[in-house]
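The whole structure should be built from the sequences, with the hints applied where relevant.
2 protein chains.
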Amino acid sequence: MAKEKKSPRPKAQTPKGFRDYFGPEVTERAEMLQIIAGVYHQYGFEALESAAVETVEALGKFLPDVDRPNEGVFAWQDEDDGWMALRYDLTAPLARVYAQHRNELPLPYRRYAMGPVWRNEKPGPGRYRQFYQCDADTVGAASVAADAEICAMLSDTLEKVGIPRGDYLIRVNNRKVLNGVLETMGLSDDAQRDAVLRTIDKFDKVGEAGVRELLGKGRLDASGAFIDGVGLAEEQIDLAVGFVTARRENDTKTLERLGELIGESDVGHEGIGELMEICDLVSSLGYDDDQIIVDPSVVRGLGYYTGPVYEAELTFEIFDEKGRKRQFGSVAGGGRYDDLVKRFTGQAVPATGVSIGVDRLLAALREKGRIGGAVQGPVVVTVMDRYRMADYQAMVADLRNAGLRAEVYLGNPKNFGNQLKYADKRGSPVAVIEGGDEKERGVVQIKDLILGAKLAADASLEEWKDHPSQYEVPRGDLVAKVREILDLHK
Amino acid sequence: MAKEKKSPRPKAQTPKGFRDYFGPEVTERAEMLQIIAGVYHQYGFEALESAAVETVEALGKFLPDVDRPNEGVFAWQDEDDGWMALRYDLTAPLARVYAQHRNELPLPYRRYAMGPVWRNEKPGPGRYRQFYQCDADTVGAASVAADAEICAMLSDTLEKVGIPRGDYLIRVNNRKVLNGVLETMGLSDDAQRDAVLRTIDKFDKVGEAGVRELLGKGRLDASGAFIDGVGLAEEQIDLAVGFVTARRENDTKTLERLGELIGESDVGHEGIGELMEICDLVSSLGYDDDQIIVDPSVVRGLGYYTGPVYEAELTFEIFDEKGRKRQFGSVAGGGRYDDLVKRFTGQAVPATGVSIGVDRLLAALREKGRIGGAVQGPVVVTVMDRYRMADYQAMVADLRNAGLRAEVYLGNPKNFGNQLKYADKRGSPVAVIEGGDEKERGVVQIKDLILGAKLAADASLEEWKDHPSQYEVPRGDLVAKVREILDLHK
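Chains as they are written, first to last, in this note's numbering: chain A, 373 to 862; chain B, 373 to 862.
Where hints are given, some of them may not hold.
Each pair may be met inside one copy or between any two copies, as identical chains are not told apart.
Taking lysine to aspartate or glutamate pairs in the DMTMM-like style, the calculated list, with each CA pair at most 20 Å apart, reads [as the list claims (entries may be wrong)]: (1) Lys826 <-> Asp849; (2) Lys574 <-> Asp667; (3) Lys793 <-> Asp652; (4) Lys383 <-> Glu451; (5) Lys574 <-> Glu400; (6) Lys388 <-> Asp450; (7) Lys577 <-> Glu812; (8) Lys797 <-> Glu476; (9) Lys494 <-> Asp392; (10) Lys577 <-> Asp610; (11) Lys383 <-> Asp450; (12) Lys532 <-> Asp638; (13) Lys494 <-> Glu451; (14) Lys740 <-> Glu689; (15) Lys797 <-> Asp770; (16) Lys697 <-> Glu476; (17) Lys793 <-> Glu812; (18) Lys589 <-> Glu451; (19) Lys383 <-> Asp452; (20) Lys862 <-> Asp757; (21) Lys388 <-> Asp661; (22) Lys532 <-> Asp561; (23) Lys577 <-> Asp452; (24) Lys383 <-> Asp461; (25) Lys577 <-> Glu397.
Hints in this document: simulated from the structure, not taken from any laboratory.
Listed below in structure tokens is the structure:
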């Protein structure tokens, strides 16, 4: 005891921003990822698993400029290897892997990866510092057929995991068209272009009027603070807003409208050509415009996209935390980025890929009732006589050999009430009881815990009598009777 | 260009001791873990996934005594949270999780966990700083029924993943018996006891004579260096060696022999009683002594075991790197540790569990030919006319809708030879070709690449003529013909 006082007990706490996942939270995610991997595999994508740890140098974006790397990643200095860090996404490792192994890998290289990534950011509600990503990318394919393929695959993926057609929409845009519009607006300054990009990306949040103000003189936000505007002229704003709102009733009309907006811009026309090609390809793959459409309002913040960008949005409505109806929103997004590998090799390698927000997609499936229903626990064989553990173990062996999930109560068997409480906590559908008397008579008691709970909750005395929730059967009929009860509650 | 010269290109390199896993290496492991999870689930174990990151305080063993934590873990100092580290196993996080959530968790709590762990150690051949573990533990069960259950589950697991009965043996021992022997030997000093433990753990390596020398005066090792001995007397050495070699032709006789060795030791007799109980339980669960046996040579290094210890050994022979025949050896091990949770709560909580060496078990399955055979790649639809990409995409859509794995070649289609080289690199069984002429006539060419490779390797001209490896079929028969070829090569 004196010893223990010297070093105080450690706190049993996850570090801030991290959490534990229990039971179905783990298995539901694993099952969803497995379905996704199946779709990716069918499309010819190969699995890749890189380590959680990369050199800071290879991760790049967060290179240390002082003593230790900037915010954003978890990093440490290794004695031999310099600064190392936990990966913050699956794309940076892909660029490193491709550059490192390019001589052995097929070209083009289609790969998928799924696993945790880490961000050294302030945690917030529902915002963790470790979370799952699930990516598919094609490296080394310049053709927009690669982008079309990923959109098609994304559509298949959503339907396979349980988001039915009609409940999602894959919206495709092209950075080149946006660049064409910016050109026509007369903007060549990179900082100003970025400001426009960031602003129109807020369209969903602040609406057309808000975007107009932010592109112009500025705007009072909800909190009363004044946000400086980009300072564009009215005609420039018209063009930018025209772009974001260019979606029409079908892709042909949307593309026509985009043609009007970009004027003489070569890059803009190239972008429209690519979008047309994508439309052709996905329709030849059998997808319709209730699955994949052109939508110029998809901007996607990241600076590194160079061509097509795409986003999967769930269109069904949910109630937000304030009880207001809103669309579920985006669950996946990606696009073409042609310069990531260049950092390592000096050669530009075209690439395009998508990342699925694993937690958001899981939340959507829960919302749709596809997962997250009541999970049935194991059959619990109770222990009436601790010296007959072998008998009880033989029962669970019989149940398991019949393919059923079953366990013996392994706590202190003294208090039988505790055993039934345990079965309740485990969500057990059935408890098996064999006391000395039953043993002598060669029978077991089988308690239907689901029916029992129902009766306890709302049965009249008559019903209670008519529906016994406990059965005595010969030991030899144990498996058959348990199975019968389980089938009843399926 | 000038810009690039300023910051030299980063090296595309995994940090030392880490590696990338490609394609089947990833999926074979995932499939094996999924089978294991299925067995664990049937036994009533629940999944748990804790974060990769823990506070150094919670990990315990590696608490920093100077400025930064000792060797062994990857650790860094967080601005708010103090020292954090990557988990080095799955048991330390379980202790923390159980202490943190004990009020919500069932008691006993059966959980399994699988995932990577990290060790900051010098990497070596086949020795990585990130690797997978797969654990199952029962927390809060004092009864050795929990240990027996884990041995049974381990046996099921091995058979389910593809190690047939007869090729493995689960060997059970009990630290209490060992303590009884030490008592009878008259050893009470902890350091001396540990030295004996470490020495007899080397039995497999140095044999009986070696262990005798090491327990006595010492021994010249293979390199010529002299290893100091523990300095025991001859009768003490007899007892220790007697213990390690106490295994007899069946469990009853082994237990009898142990009884002779431990003399009057209470703890020793308690240990023998527990081993008897385990024997009873596993045989009532239906396991025989070609699956689970008592073997006193199982010591297991870790100091924290307090009761039963167990190890799964694969008994079939392989050739080691020097071409010598040897048994495959251990793939899993564990035991009872009753004090881990106490660090956090002050209360001792009994626990027992097993850890499977995921990579070793995968290697064993490869050895047995259960996994790792030639992996068939996707059907590759080649591109003869880049402006007819839609036609080719429609073909892969047809193939995929029929459940086949298929992809369009997305590289530069100019050089047709490159497309066939690509198909070869991908391990494709079939390539599909549709040039302008075929398109006009409504047919496609289907190349059987497996037969083609076989013919190219060893066919006579006659055989070559008799077995064409390329077929022309109507476009409408594409799927049927591809399937026919795939079925042929199954």
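To see whether the hints hold, each was checked on the structure:
In this homomeric assembly, Lys826 and Asp849 never come within 20 Å of each other (Cα to Cα): the closest approach is 25 Å inside a single copy and 57 Å across copies. For the identical chains of this complex, Lys574 and Asp667 are intra-copy neighbours only, at 15 Å inside a copy versus 68 Å across copies, given an alpha-carbon limit of 20 Å. In the homo-oligomer, the alpha carbons of Lys793 and Asp652 never lie at most 20 Å apart, since the shortest distance is 61 Å inside one protomer and 28 Å across protomers. In the homo-oligomer, the alpha carbons of Lys383 and Glu451 lie at most 20 Å apart only across protomers (18 Å), although the nearest pairing inside one protomer, at 29 Å, exceeds that limit.
When the C-alpha separation of Lys574 and Glu400 is checked against a cutoff of 20 Å, the pair qualifies neither within a copy, at 33 Å, nor between copies, at 43 Å. Within a single copy, Lys388 and Asp450 get their C-alpha atoms only as close as 24 Å, which misses the 20 Å cut-off; across copies the closest is 10 Å, which meets it. Taking identical chains as interchangeable, the C-alpha atoms of Lys577 and Glu812 are never at most 20 Å apart, the minima being 72 Å within one chain and 52 Å between chains. Proximity of Lys797 to Glu476 under the C-alpha cut-off of 20 Å is restricted to the inter-copy arrangement: shortest distance 9 Å between copies versus 52 Å within a copy.
In this homomeric assembly, Lys494 and Asp392 come within 20 Å of each other (Cα to Cα) only inside a single copy, at 18 Å, whereas the closest approach across copies is 30 Å. For the identical chains of this complex, Lys577 and Asp610 are intra-copy neighbours only, at 19 Å inside a copy versus 81 Å across copies, given an alpha-carbon limit of 20 Å. When the C-alpha separation of Lys383 and Asp450 is checked against a cutoff of 20 Å, the pair qualifies only between copies, where the shortest distance is 16 Å, while the shortest distance within a copy is 27 Å. In the homo-oligomer, the alpha carbons of Lys532 and Asp638 never lie at most 20 Å apart, since the shortest distance is 39 Å inside one protomer and 61 Å across protomers.
In this assembly of identical chains, Lys494 and Glu451 lie within 20 Å of each other by CA distance solely across copies; the values are 11 Å between and 28 Å within a copy. Taking the closest pair of Cα atoms, Lys740 and Glu689 come within 20 Å of each other only inside a single copy of the chain (10 Å); across copies the shortest separation is 52 Å, beyond that limit. Neither within a single protomer nor between protomers do Lys797 and Asp770 lie at most 20 Å apart by alpha-carbon distance, with minima of 23 Å and 49 Å respectively. In the homo-oligomer, the alpha carbons of Lys697 and Glu476 never lie at most 20 Å apart, since the shortest distance is 51 Å inside one protomer and 33 Å across protomers.
Taking identical chains as interchangeable, the C-alpha atoms of Lys793 and Glu812 are never at most 20 Å apart, the minima being 27 Å within one chain and 74 Å between chains. Proximity of Lys589 to Glu451 under the C-alpha cut-off of 20 Å is found in neither arrangement, the shortest distances being 53 Å within a copy and 39 Å between copies. In this homomeric assembly, Lys383 and Asp452 come within 20 Å of each other (Cα to Cα) only across copies, at 15 Å, whereas the closest approach inside a single copy is 32 Å. In the homo-oligomer, the alpha carbons of Lys862 and Asp757 never lie at most 20 Å apart, since the shortest distance is 32 Å inside one protomer and 54 Å across protomers.
For a Cα distance limit of 20 Å, the shortest separation of Lys388 from Asp661 qualifies neither inside one copy, at 44 Å, nor across copies, at 49 Å. For the identical chains of this complex, Lys532 and Asp561 are neighbours neither inside a copy (44 Å) nor across copies (63 Å), given an alpha-carbon limit of 20 Å. In the homo-oligomer, the alpha carbons of Lys577 and Asp452 never lie at most 20 Å apart, since the shortest distance is 48 Å inside one protomer and 32 Å across protomers. Proximity of Lys383 and Asp461 under a CA criterion of 20 Å is satisfied inter-copy only: 19 Å between copies versus 30 Å inside one chain copy.
For the identical chains of this complex, Lys577 and Glu397 are neighbours neither inside a copy (31 Å) nor across copies (44 Å), given an alpha-carbon limit of 20 Å.
In the structure shown, a violation is registered for the earlier hints numbered 1, 3, 5, 7, 12, 15, 16, 17, 18, 20, 21, 22, 23, 25, in ascending order.
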